[in-house]
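> Residue numbers (UniProt numbering), protein chains in the order written: chain A, 1 to 259; chain B, 1 to 259.
Just so you know, the hints here were simulated from the structure itself, not pulled from any lab data. Check before you lean on any hint, since a few could be wrong.
Any copy will do: because identical chains look the same in the list, a pair fits if it lies in one copy or spans two.
In silico SDA-like cross-links for lysine to any residue, where the CA-CA straight-line distance does not exceed 25 Å [to be verified]:
#1 Lys86 - Ser222
#2 Lys86 - Val195
#3 Lys86 - His193
#4 Lys86 - Asp232
#5 Lys86 - Glu57
#6 Lys86 - Val47
#7 Lys86 - Arg74
#8 Lys86 - Asp149
#9 Lys86 - Leu158
The residues making up each chain are set out below.
Protein chains: 2
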Amino acid sequence: MTPDPPRDGPGPAPAVRFDAVRPPASQPTHVAPHNRPAEPLSRARIVAAAMDLADAEPHGEITMRALAGRLGVRSPMALYRYVGSKDGLADLMMDEVFGLVTVRRGEGWRVALRSMGRTGWEAVQRHPWFARLAFARPPLGPNALAMYDAAFAELEPLGLDAAATAGSVNTVLGHVFGSGLALLEENAMRARHGVLSDEQLTEMAAPFHAAIAESGRYPHFSRWVADPARHDPPPQSFEQILEWLLDGLATLDGARTGR
Amino acid sequence: MTPDPPRDGPGPAPAVRFDAVRPPASQPTHVAPHNRPAEPLSRARIVAAAMDLADAEPHGEITMRALAGRLGVRSPMALYRYVGSKDGLADLMMDEVFGLVTVRRGEGWRVALRSMGRTGWEAVQRHPWFARLAFARPPLGPNALAMYDAAFAELEPLGLDAAATAGSVNTVLGHVFGSGLALLEENAMRARHGVLSDEQLTEMAAPFHAAIAESGRYPHFSRWVADPARHDPPPQSFEQILEWLLDGLATLDGARTGR
DNA sequence: ACTCATGATGTACGTTGTACACGAGGCCGT
DNA sequence: ACGGCCTCGTGTACAACGTACATCATGAGT
């Protein structure tokens, strides 16, 4: 429906995708604070409120109406003066989170990619909806570009070709976003049944699991389900898998410095 | 909105989630073929049509109305006699694809997980929407259970605890679904601008990239963008990353047989 | 004081999933 | 043969969504 490069809103809403180059927007000229919603609307305020709202929803999805309500504005259409479309707003939210991802510089590609992965994982835990957006929208905001630029810079000494360079970054990011999306959906699933602890979850699934066990099919699965230790943190943590991926990437060229 | 365990539809629509144990549904008793839509409606026919429809849409999303239309039925409500809810239908579609994932038996855990990963990758390439569903819905259909059961069986000789066993499977599946979701979203993005080749894509992004290059920020990114080889298949293929993950999993215990 | 641009509002449309009441048509027992 | 019932597709309806459009209040500049 909404085209990928979001159009300008009518009036002052500036292009969203091109903020990377043509900076944000001419703030409204008059500085006098409106009295209606305490503070005047602005793109920055909208984006911040949208992020808060998405953080508060377990599924990480927002509606323009809810966002308008949270901003003390009666009509959702007011927001379209500043953002152009919901997808454009999503791009802005996404790039804000890309700003939380940092790439350590000057310590070798492995440190760089590891720091990217770990700070990315922190960011996606703080804002799980980021994972969904990162899959759905191309990363063209200024913070995303800065992150890629730093990562590419650190990979440069390896002498990889362009495809392999991007592939290295995307291998790590794929792990980050995949883990983040799994986290998001698990939160959403728990919220759908009312927030549930692991114990409550097993208890609720008990009759289903019992029927499975009784059926005699899936014996290994049934044995696994019966083991209460299955909710322990697995040894395949985010960080552990990240290291495996970095090990793999290291084998791509003649395994130079790194570390 | 729709609760996770989809309710029975009114009348004959059987529980969807519990098909694993209580088999499909009593087919309608009368065998006489209706003349209206050539063939009588049935759960199997609905699921098959839904899969065809989702395959044909680049974003992999379907509407109940479109599905009804494709089935030669005037009202979308007719489908609710057989599936209970759209989420329930999604569960059935998902489990159908889980049936395409095979786990080689009796050749060690590494062969087993590798075959699961590769056949999963094939399945997700054939039905990219499967990746989104696999993230969003718990895998409780009979085919999914059979897959987990086989994988757990092959991992049993390793003597891992329950958390590590599931973690091993999920490490591989996370890679499968993450790669699949990236594929789905790339297809959707291309479709949004009309189907585009790599060349058309670069051409379309050219003014944006030029503005970035001119800005002087992101020099490494700009150099990367200018390299036409960036669209070559990267050395970090699905299969290569899968091997890295298997290598990592092998380090978890004392690295027994495998291979 | 008049004009005008700025920005919030209200109304409206098309699309979605799905609840509900209805009715056609074949099957059954008598 | 016939009346009742059970099965299953239809039509209507509603709430929620993104957002197009016309309108109106308000403060700034002349």
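> Tell me the hint numbers this structure goes against, listed in increasing order.
1, 4, 8, 9
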